[in-house]
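Novice: Listed below are the residues making up each chain.
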Amino acid sequence: MLTVNHVTKNYGKFTALEDITLEFNKGVYGLLAPNGAGKTTLIKMLTTLLFPTKGDILYNGDDIIALDEDYRDIIGYLPQDFGYYKNYSPKQFLNYLGTLKGIEKSVLDKKTEALLSLVSLSDVANKKMRKFSGGMIQRVGIAQAMLNDPEILILDEPTAGLDPKERVRFRNLISSLSQNRIVILSTHIVSDIETIANKVIMFKDHQLLCNDMPKNICKYLEGKVFETSEISKIEKPHLVLTQRQEDDKTYTRFTSEEKPAGHIKEVVPNLEDVFLYIYKDEE
Amino acid sequence: MNKIPIPTKEEKEKAINKIISNGMTPQENFIQRIVNLYMHIGTKYIFGDILDCLIIAITSTVLIYFFSLSFRIMNTELSTTFAISPIFYIILTLATEWKEKMSHLYELKMTCKYTVKQITAIRLLCFSALGVLFSSLMSMGYSLIFTNESLLDIFIVSLLGLLINSLLALGVMLYGNRRNSHNILIGLWFAVFLLPPVIWGKGWNVFLGELPYLLITVLILIMAAIYLLGIKKLITEREVILYANR
Numbered sequence: 001m002l003t004v005n006h007v008t009k010n011y012g013k014f015t016a017l018e019d020i021t022l023e024f025n026k027g028v029y030g031l032l033a034p035n036g037a038g039k040t041t042l043i044k045m046l047t048t049l050l051f052p053t054k055g056d057i058l059y060n061g062d063d064i065i066a067l068d069e070d071y072r073d074i075i076g077y078l079p080q081d082f083g084y085y086k087n088y089s090p091k092q093f094l095n096y097l098g099t100l101k102g103i104e105k106s107v108l109d110k111k112t113e114a115l116l117s118l119v120s121l122s123d124v125a126n127k128k129m130r131k132f133s134g135g136m137i138q139r140v141g142i143a144q145a146m147l148n149d150p151e152i153l154i155l156d157e158p159t160a161g162l163d164p165k166e167r168v169r170f171r172n173l174i175s176s177l178s179q180n181r182i183v184i185l186s187t188h189i190v191s192d193i194e195t196i197a198n199k200v201i202m203f204k205d206h207q208l209l210c211n212d213m214p215k216n217i218c219k220y221l222e223g224k225v226f227e228t229s230e231i232s233k234i235e236k237p238h239l240v241l242t243q244r245q246e247d248d249k250t251y252t253r254f255t256s257e258e259k260p261a262g263h264i265k266e267v268v269p270n271l272e273d274v275f276l277y278i279y280k281d282e283e
Numbered sequence: 001m002n003k004i005p006i007p008t009k010e011e012k013e014k015a016i017n018k019i020i021s022n023g024m025t026p027q028e029n030f031i032q033r034i035v036n037l038y039m040h041i042g043t044k045y046i047f048g049d050i051l052d053c054l055i056i057a058i059t060s061t062v063l064i065y066f067f068s069l070s071f072r073i074m075n076t077e078l079s080t081t082f083a084i085s086p087i088f089y090i091i092l093t094l095a096t097e098w099k100e101k102m103s104h105l106y107e108l109k110m111t112c113k114y115t116v117k118q119i120t121a122i123r124l125l126c127f128s129a130l131g132v133l134f135s136s137l138m139s140m141g142y143s144l145i146f147t148n149e150s151l152l153d154i155f156i157v158s159l160l161g162l163l164i165n166s167l168l169a170l171g172v173m174l175y176g177n178r179r180n181s182h183n184i185l186i187g188l189w190f191a192v193f194l195l196p197p198v199i200w201g202k203g204w205n206v207f208l209g210e211l212p213y214l215l216i217t218v219l220i221l222i223m224a225a226i227y228l229l230g231i232k233k234l235i236t237e238r239e240v241i242l243y244a245n246r
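Top line first, the protein sequences correspond to chains X and S. Per our numbering, the first sequence starts with residue 1, numbered consecutively. Per our numbering, the second sequence starts with residue 1, numbered consecutively.
Because the hints were derived from the structure by calculation, they are not lab data. None of these values were measured; they are calculated from a predicted model. Just so you know, not all the hints are guaranteed correct.
The following label-pair restraints were derived from C-beta to C-beta distances [said to hold, decoys possible]:
#: 1; chain 1: X; residue 1: F51; chain 2: S; residue 2: G141; range: 45 to 55 angstroms
#: 2; chain 1: S; residue 1: I20; chain 2: X; residue 2: D149; range: 22 to 32 angstroms
#: 3; chain 1: S; residue 1: F30; chain 2: X; residue 2: I65; range: 18 to 28 angstroms
Built from N, CA and C at the ideal position, the CB exists for glycine as well.
Isolated chain S (complex conformation):
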């Protein structure tokens, strides 16, 4: 009679661990998730149907930059940079959201494996990158014209403005009322970016100019980290529509 050798406790544990490691699908981390989503959906379907929104955002931003340059108020370069830096991001986000709503495909897309919210999150990341690019270009342009401010000052204030706005927009998407998100976003831009120079005038410009680089850098890093966490939440959190046809 054949004798079956009885495995030792170590052998059993080793075998169990092997079965578990082979049988369990490893969890994707955030970066892998973003990359896999992007790779699967592809540039064509992430940006293809919002090409018109991109064109509108680029055109409007360029026009607003020219307008702000033509009618600049002396000695408020930093206030102007701070206020205008999120324009591209705001227009692109609003136009994309508006287009999604108009298509009446929102509900259907929310029942797909990759939801519209996940695509929105990828788009927001890309919009932020494009926003940084625009801010950099704007900073260079401004520093050539406004010779009394350094390129670094203008760039860092522009980046700060963009990040504050990106965080606000993300907050509205995550916690706000979807039906009023457009109004809330525009309202916040007025309150955070336009009201301070109206209330404090040149004092606001001086304040922005006197912010220590270290503080701004730390603020930017913290906000960038919170922004990425928000994007992660947007991708992983289940969303519920706020109304139904009763």
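In isolation and in its complexed conformation, chain X is listed as follows:
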């Protein structure tokens, strides 16, 4: 179990995260918040790239900073800006990082082959990565994160810059990798985690807002989300969430404390509704 225990992170006078307490058990956790909310700071503390200003992070009761090399040995990390050597093939690159991860050479070749097959890159295993698409590079990224069969897999904005098809493929891949390990996925794209996250963690004003199952989070707006094609006629105070086109009409999804009169349909709130509602004041 990974425990974030009353953690605060300051950069000078700026507080990026304040008094965060979380527990991670096996399963997929989605860190969902707009850019600048502190997701990356938490991810960097979980990967020991940053140290908390206050509080501590424990893995099975031991401080991850004290565990040092032993902790790094059980994590897999895909950073937001995933760098790679353009002149390396995926196989060379995985062999290189596998060596840095302390994997024995006799095991590494087989592991590299298996992972490249898992991320559907076996046919380009020996091709230089120079001409790879963003999706292919991300798949190399997830393969490198899995090299040491990590107990904790940490992915920072893994779907940024991917096209919809690649994004779905990536989600399925993460879902398949989430057995028997903690997967922490940071994103500001709701659809990335709506279907695969067991729990969603949200921050607001640099503090923990919620850490719950998506269906429980959606209950927050139960009975308050509606849809209409005549939004201009709504007089009660409301917040427009999203719009969609159907049969030459524009349907507007909105939230209001009470159901307005007229041709209004109450709809089941989804995670995106809650996200838009909670972060309505933020850019």
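Fit chain S to the supplied structure of chain X, relying on the hints for placement.
Specialist: Chain S in isolation, oriented as in the chain X frame:
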């Protein structure tokens, strides 16, 4: 009924000590750590991706040596040797650091079992050894051309310069701002190695020539010891990146 013999106090202690000695992994010392790191990572991954940096450093150093020989200022051989001795080390360190930064793999490597900092420490040790080799070659070349200085004088001043610079570079890596490390390192080289001959002229050359061998030898030994301690710190100390994408 079988009677289980109760062990004596000595037997108990002996058994406990045996369990502890068998169960505890012995701590690696510094040398073992370096050797094990090198053996595991291997020459290919320690130097393979910086081959271009090595070529740049060798070429630049050779060019600078030739340049300094062609435009030598008479009677300042020791000043020139002192100033040029760290060039190879500086160029190699800066080029390697620059390449690491450009690869955008720094953070990822810092989360691996063997971090980029540990690899850097091994590289620095190797760079120092290569630097000593270059200094020796340079000293021999200089002593053939500058006949008024002995090979020993030139070699010892060259080694002193190299060690001072290596210590400064290590200090910048350990305590400096990573984002400005390149500028700080170059700035220090100007301040420590180029400014004195500019300010004191031939007096600096005379000063370097009159330093007692014993003093220089003691200084070199002390600095070498501090350098190794610094390398140890670089290998064992946890590093924190100084910024984050907020």
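Novice: Indicate, hint by hint, whether the structure satisfies it.
Specialist: Hint check:
Remark: the range hint 45 to 55 angstroms for F51 of chain X to G141 of chain S is upheld by a beta-carbon distance near 49 angstroms. A C-beta distance of roughly 31 angstroms is found between I20 of chain S and D149 of chain X, which places it inside the suggested range of 22 to 32 angstroms. For the pair F30 of chain S and I65 of chain X, the beta carbons lie near 21 angstroms from each other, so the given range of 18 to 28 angstroms is met.
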